[in-house]
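Peer 1: Going down the list, the sequences are from chains A and B.
Using the numbering used here, you'd call the opening residue of the first sequence number 20 and step up by one each time.
Using the numbering used here, you'd call the opening residue of the second sequence number 197 and step up by one each time.
It should be emphasised that the hints constitute simulated quantities derived from the structure, not laboratory data.
Careful, some of the hints might be misleading.
Stated by the list, open to error - Example chain A residues on the side facing chain B (calculated, C-beta under 10 Å, incomplete):
# : residue
1 : LEU72
2 : TYR120
3 : ALA121
4 : LEU150
5 : ALA163
6 : PHE172
The beta carbon of each residue, even a glycine, is placed where N, CA and C say it ideally should be.
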Amino acid sequence: MNPVISVNEIFKTYGRTRAVDGVSFQVQEGEIFGMVGPNGAGKTTTIECVEGLRAADCGQIKVLGLDPVKQERQLRPLLGIQLQQAHLPDNLKVWEALDLYASFYDRTVDWEQLLVELGLEEKRTAAFRKLSGGQQQRLFIALALINDPQLVFLDELTTGLDPHARHAIWDLVEEVRERGKTVFLTTHYMEEAEQLCDRVAIMDNGKIVALDTPANLINGLGISERVIFRVAGDWDYAGLESHPRVERVECDGDKRVVYGKSNGSVNPATIVTEVVNALTAGGIQFSDLRTEHPDLEDVFLTLTGRQLREERSA
Amino acid sequence: MKALVKYTWTEIKLYLREPMGAFFTLVFPLMMLFLFGSIYGNEPSALFNGYGSVDVSVPAYTAMIIGTTGILGLSITMATYREKGILRRLRVTPLRPQVILIAQVVVMFLMTAAGMLLLILAGKLVYNLRFDGNALNVTLAFVLSSLSFFSLGFVLASIMPNARTAQVVGMVIFYPMLFLSGAGMPLEILPQAVRNLSKFLPLTHVVTLLRGLWTGEVWSQHITEVWVLLAVLAAGVLISAKTFRWE
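I would like the entire structure built from these sequences, with the hints used as guidance.
Peer 2: This is the structure in C-alpha cells:
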C-alpha cells in the first residue's frame, strides 16, 4: 500500500537558520500522525511544505502520489487544511463561511450536517469576530472537512484554548479519523500527541529525533512509573534499590522518588506495593505518596536533555 | 463560476456591513451634495459656463467616490485580508486568485455605481440636475476611471506592509488629491498655481473627463484624460500582478 504522505530528506533554510534539516517520514492511510516539539522546532515549516504552501529547498515530497508544489491545483480539492494562522472576515457569519467555502469545491459534504456535528448550530448566524477561540477553531475544522478530504492537516489545533475546549477538540479529531480520513497534526502539547496520535514524530532543531507509537516511545525509556513521597528522618533504601523491579531511587531534601524498571509491557504491574512494604518494614513515617507515569514529556527530556514544559512557559 | 458568484455576493454583504466603507461611498457624497446645494443652489452660473453648482458637483463627487473606493476601500480591504490571514485560508482551497481579484473589482464597481446613482437621483429630485451628455459615453468614462483607480488600489495593497500603513498612506494620498483635483470643490475656484499642480494628479483627469462628457463634450476633446487613465490602468495591472502576495 502506498503511503498517503511520503517525505524524503527535505531541507528548508531561512537566511542562516536551518528550519528543516533533513526530515523523512511516511504517513499511512487512516492513521493520526503527529509531529511534536517546541516552538521553532520546524514542525510548521514541515507541514507547510507538505501542504504545498512552501517549497522545500531540496528533497522529495509526495502527497496522495502528487507533488504538492507542482501539482498544487490537482491536490487542493483532495486536502482539508486547518492553518495555524488564518482568519475569516470579521463580519462573516458562520453559515455564510460554510456556504462560501462549499462553493469552492465540486465535491462537498452537507455543511448543515457539519454545523450540527461540530456543535456550531447555535452560532449559525454569529459573526466570526463574536466567536470564542474554541468556536473559531471548530469552524476552521468544519471548513477543513467541507470537501470530504482524504487527508486532513491540523496545525497547532488547540494552541491558546482552555483545557475544556481542548478536550472537546480532541474528541472531534477522533471522529474525523473514524470517518476513515488520514490526519496529520502538529502540536507542542505532548499530552495531546499522546492522547490522539497513532504515531508521533518528535522534532527538535529541524530534525526528527524519534518516531514511533507513543507507547513504544515511552516504553523505550526503560522506566515504568515513579513513586514520589516524603519521609521523616533517615531511610536506608539500599534494600529497595536492589529490588529487581526498581531502577533507582533519588533524594531531594525529604522528598524521595523511586523509579520503577520497565518490563517492556505497556501496563506493567505497579511498584507501589513494594515501596510501601519496604517503608513499613523499616518503620519509616511517610506522607504525600503519589505515583507518576512516564509520558512523552519524559521522552523529550531524555532525547534532548531539555524540558518542553519549561520552554513553553519561558 | 459558482465560486465567483458566491464569493462576490459574500463580499457585497461584507461591504455593506462595514459602516466606514458604506458611509464614504453611499452617504458622505450625498451629504456633500446637500450641504453645498443648500449653500449655492443650482442656478446657472457664468463660472461654470452656464451650469449650476450641483450640475458640476455630481460628476465631480462621482470622481470622489471612485477615488475613495480605489485608493482607500480596495487597498485597505486587500491589505487587511493579507495581514490577517484571510487570503492565506483562501489559498489552500481550489479558489483561483483571479476570482478573488475579479470579485473585489465587481463589488467595488457596484458600490461606486450605487454611490453615483444616488447622487444623480438626489440631484434630479432636489436640484433639477441638468445632463447634456450621452449616457453611454459617461458610463464608459465611469468604467475606465473606476478600473484605473482600482488598479492603483491593488498596487497600494501589494506594496504596503500591513493594513494600518495602507490606511495611513491611502489617506495621505487621497485627501490632498480630493481637494486639489476638483473632485471635492470645483477647480474654477482654485488659484491658477494649484490648478497647474492638479494636472499631475490622476483624479483630476477623472473629474475633467466626467464633467466634460456630462456637459455634452465629446471624446476627441479629452484624449489626454483617456490616455492618462489608460496608462494608469495598464501600469496598475502590471505592477499589481507582479507584486501580488498571499501573505
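Peer 1: Report the numbers of all earlier hints that the structure fails to satisfy, in ascending order.
Peer 2: The structure conflicts with hint 4 only, although it agrees with all the remaining ones.
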